[in-house]
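Next come the chains, spelled out residue by residue.
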Amino acid sequence: KNEVEQSPQNLTAQEGEFITINCSYSVGISALHWLQQHPGGGIVSLFMLSSGKKKHGRLIATINIQEKHSSLHITASHPRDSAVYICAVFQGAQKLVFGQGTRLTINP
Amino acid sequence: KAGVTQTPRYLIKTRGQQVTLSCSPISGHRSVSWYQQTPGQGLQFLFEYFSETQRNKGNFPGRFSGRQFSNSRSEMNVSTLELGDSALYLCASSLLPGEVTEAFFGQGTRLTVV
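Residue numbers (this note's numbering), protein chains in the order written: chain A, 1 to 108; chain B, 1001 to 1114.
Worth flagging that the hints you see were computed from the coordinates, not collected in a lab.
Idealized CB from N, CA, C, for every residue including glycine.
Fair warning: there could be bad hints in the mix.
As a list, the in silico BS3-like pairs of lysine-lysine whose alpha-carbon atoms are at most 27 Å apart [stated by the list, open to error]:
1) A:Lys95 / A:Lys54
2) A:Lys68 / A:Lys53
3) A:Lys95 / A:Lys53
4) B:Lys1057 / A:Lys95
5) A:Lys68 / B:Lys1013
6) A:Lys95 / A:Lys55
Footprint (simulated), chain B over chain A, 3 or more residues, beta carbon under 8 Å [to be verified]:
7) 34-45
8) 96-107
This is chain A alone, in the form it adopts within the complex:
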């Protein structure tokens, strides 16, 4: 069993829909990353959070440390949001453990 599990693995939705991607982890952590990877490979850090909730534009990330669970929400989704979204947790000293990623496709 992976230490970081994401669901769903693939998600296709229509433009404008509300999107939720989930991340569960089995190890004790102090912080969690949500990353976005577009075709071509480059990774962009969306959020780093250790408690509560963060919002940036149409993106919202929440984390529940007690339940070892985090969610990434996208409101009013747009085709340009199509990407792979990756959850990663810190296991101390900059060692990141990654989920397998969620491939999101938003159709116009």
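For this one, chain A is given, so just place chain B on it according to the hints.
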């Protein structure tokens, strides 16, 4: 402010050769981490450098090595390349090591071993 720069972007090597990849962190960042991404294994941590010292290492064979220079630029080297080393290699820089600082990723170097 320039982002994290990785060179080269693409590379094709043959089995048995060695390869060196370069990562220039964001100006002022002193911590550099390296990751390997393959379709089968996803993203995996290779190693992390801070102030020219390796602070942490993932579960990779000794053929994978790295170093960091005084200007914080980092290189990773893979010797005796195997087909399974074909992957996207990503580096990330942060101001300091540890989980409290945000990491910024480069575009990656896509290595193909034939």
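Verification of the supplied hints:
1. A:Lys95 / A:Lys54: The given pair, whose Cα atoms are some 22 Å apart, holds under the 27 Å limit.
2. A:Lys68 / A:Lys53: Measuring from Cα to Cα gives roughly 14 Å; hence the hint holds.
3. A:Lys95 / A:Lys53: holds (23 Å)
4. B:Lys1057 / A:Lys95: holds (8 Å)
5. A:Lys68 / B:Lys1013: violated (42 Å)
6. A:Lys95 / A:Lys55: Within the cut-off at roughly 25 Å; holds.
7. 34-45: Coverage by chain B holds for the region 34-45 of chain A (7 residues, Cβ < 8 Å).
8. 96-107: holds (count 6)
Checked against the numbered hints listed earlier, the structure breaks hint 5 alone; every other hint is satisfied.
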